[in-house]
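Protein chains: 2
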Amino acid sequence: MTAGRRDNARGADPLPSWNEGATKRAITDFVKNVTTEGSADYVRVPDRIALFDNDGTLWVEQPMYTQMAFLLEDVRRLAPQHPEWKTTEPFKFVLENDLAGLASAGVQGLMELLAATQCGMTTEEFAKTAKDWIETARHPKFERLYTQCIYQPMLELLEYLQANDFEVYIVTGGGMEFVRPWAERVYGVPLRRVVGSSLKTRFEMRDDQPVLVRTSEINLLNDGDGKPVGIHEFIGQQPIAAFGNSDGDLEMLQWTASGAGARLILLVHHTDAEREYAYDAHSPFGRLSKALDEAKARGWQVADMKRDWNTIFPALSQ
Amino acid sequence: MTAGRRDNARGADPLPSWNEGATKRAITDFVKNVTTEGSADYVRVPDRIALFDNDGTLWVEQPMYTQMAFLLEDVRRLAPQHPEWKTTEPFKFVLENDLAGLASAGVQGLMELLAATQCGMTTEEFAKTAKDWIETARHPKFERLYTQCIYQPMLELLEYLQANDFEVYIVTGGGMEFVRPWAERVYGVPLRRVVGSSLKTRFEMRDDQPVLVRTSEINLLNDGDGKPVGIHEFIGQQPIAAFGNSDGDLEMLQWTASGAGARLILLVHHTDAEREYAYDAHSPFGRLSKALDEAKARGWQVADMKRDWNTIFPALSQ
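Chains as they are written, first to last, in numbering that gives the first Met the number 0: chain A, 0 to 317; chain B, 0 to 317.
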């Protein structure tokens, strides 16, 4: 951490990677209004709840969801034992490197792959596998660790909100058990504030020790209209801010926008093919179409990556 | 709050309703050990997680679970529209006032009654119904509000642990949506720290407003071996203290007891027929048999209500 970075954290500019402009101003005005006692928009601390989508909002989701890269390795490794996968979706998409096909299978497809490859072990064993993988796996384009392909402006936003007594949750369509083991280290968010898709688990005694075994049955598909379900289950009260980037976040944003009081609703729009990726309505992963229309109709914020962010990724430490 | 009560909260005696003796000493020794830096048992703040069962541990569960009393009213009210209930379990138990039958139907039966009567409405509507009911409903024996039939010694324990930077969760076999609306007011526990049984909900837009509708499908049966499942899902890390009173808490206690480090595992044993109730292995509700054997075998604490508690319920304010 440089001296400049520390100064910023002290309040000089809490969001140095955001360019000056309407989007940055909307964020800082909102935070000022809800945290200033006596303001019409003041929100008491226990009600300051903010939600962040993960894929495409906190880290890169192209050329495919990171968790999918993790899964592909397992599917390929196990394929010889499952000849039927060659002709069965979504497995054949993996074996044929058909990313568009994989994308079309959506979160449901992801969960089917998960169920076929990453179940049967205990939750502890799976957490170790996920943690070990993420510590060395690198992004094909940026050639840095996936956990370094996170967005510096969003990290600043996470930190800024938490410094203003927000309780921050990650609400991901991806697997909760995949994200939790490293969420605190990478994002500074405690693992119990990660809400995500999950498999059902089963309690068992093994060698006189209780364990939870991952079954192949889907417990929660925390994407699209499943996100408000997960939010209500885990948090049980109305959030006041939500950050997403795709149509899979639409219902989460609608849910957060509803009810009385000030709200900050923001979409990250990937417009920077040079520094990251440019995609929206026609992308196989992180498709953004309906949610962008809704943002325009409802006056939600849109962070245009090319326009609003002067930095994309954190600097790598030497 | 009396002056004496305030002094106690300041540390003179954090547990004034607990008689001096081995049980109280085990509690205070544990808290001292895990909160004293340099102690071999020291636990850093983020890992100080404690779990409390609700029925029979925090409040009275005789002559039946409080939530069942709430349900019975609805089942009776709707019975004329469902003639088949007269011959169908668990509905017939309700209509025949057969408490033993109801008890034998267990949490599963409770959830079936819930699904038949308290679904279809939005989560917000249900929360209001539960909140309204609990504000006036009274216990048949003690003739005070159910929310006043809570155990003063356990309230002190909740407060004592929170004052020592424990994050406290209520882990109930009862309905999460039933307990959450009043948990903060009655127990001082934020609603998102209530883990319980639940129905699946479905996202819908009604009059351009997003709502969650309670379906009749069971989402989680947070009892017995379902408790570690709920704990792992909501908290995702090992708790270090757990408090229960029945065989439905056994797996929660085993789960908490496992792993390395100091643990406080305690069963409330209802031994006081005069001041509350006396029951264990033969009770239709809150049956305690296997968990008591396990407590003896493993050296867990047992709070004998008659011996260990000098007060049962909070004094009623004038």
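It is possible that part of the hints are untrue.
To be verified - If you want the footprint, here are the derived chain A segments under chain B, 3+ residues with CB under 8 Å:
1) 228 to 241
2) 279 to 287
3) 306 to 313
Unchecked claim - Ranges of calculated distance between the beta carbons of each label pair, as one might list FRET restraints:
4) B:M204 - A:N96: 32 to 42 Å
5) B:D28 - A:G20: 37 to 47 Å
6) B:S103 - A:Q107: 33 to 43 Å
7) A:N96 - B:E203: 36 to 46 Å
8) B:E72 - A:A78: 56 to 66 Å
9) A:D207 - B:D303: 23 to 33 Å
10) B:K127 - A:L315: 50 to 60 Å
11) B:D206 - A:E83: 16 to 26 Å
12) B:K289 - A:D28: 56 to 66 Å
13) B:S316 - A:C118: 47 to 57 Å
14) A:N96 - B:E183: 48 to 58 Å
15) A:L315 - B:E203: 39 to 49 Å
If you're looking for bench data, these hints aren't it; they were derived computationally from the structure.
All figures in this text were calculated on a predicted structure; none of them were measured in a lab.
Ideal Cβ positions, reconstructed from N, Cα and C, are used throughout, including at glycine.
We went through each hint and held it up to the structure:
Proximity of the region 228 to 241 of chain A to chain B, defined as three or more residues with a beta carbon under 8 Å from a beta carbon of that chain, is established by the 7 residues found. Counting residues of the region 279 to 287 of chain A whose C-beta lies closer than 8 Å to any C-beta of chain B gives 0; at least three are required, and the coverage claim is violated. Given as covered by chain B, the region 306 to 313 of chain A fails the check, having 0 residues with a CB less than 8 Å from a CB of that chain where 3 are the minimum. In this structure, M204 of chain B and N96 of chain A meet the distance hint of 32 to 42 Å, their C-beta atoms being roughly 39 Å apart.
Checked against the given bound of 37 to 47 Å, the beta carbons of D28 of chain B and G20 of chain A, roughly 58 Å apart, lie outside it. The hinted range of 33 to 43 Å is satisfied by S103 of chain B and Q107 of chain A, whose Cβ atoms lie roughly 39 Å apart. The hint said 36 to 46 Å for the Cβ distance between N96 of chain A and E203 of chain B, and at roughly 39 Å that hint holds. Range check, E72 of chain B to A78 of chain A: Cβ separation about 57 Å, and the 56 to 66 Å hint holds.
For D207 of chain A and D303 of chain B, the hinted distance range of 23 to 33 Å is satisfied, since their beta carbons lie about 28 Å from each other. Evaluation of the 50 to 60 Å hint for K127 of chain B and L315 of chain A yields a pass: the beta carbon distance comes to about 52 Å. For D206 of chain B and E83 of chain A, the Cβ-Cβ distance of about 48 Å falls outside the hinted range of 16 to 26 Å, so the restraint is violated. In this structure the hint that K289 of chain B and D28 of chain A lie 56 to 66 Å apart at CB holds, the actual value being about 58 Å.
Hint check: S316 of chain B to C118 of chain A, Cβ distance near 53 Å, so the stated range 47 to 57 Å holds. Our hint of 48 to 58 Å for N96 of chain A and E183 of chain B holds, since their Cβ atoms are close to 52 Å apart. Look at L315 of chain A against E203 of chain B: about 46 Å separates their beta carbons, and that is inside 39 to 49 Å.
Violation of the numbered hints given earlier is confined to hints 2, 3, 5, 11; the remaining hints are satisfied by the structure.
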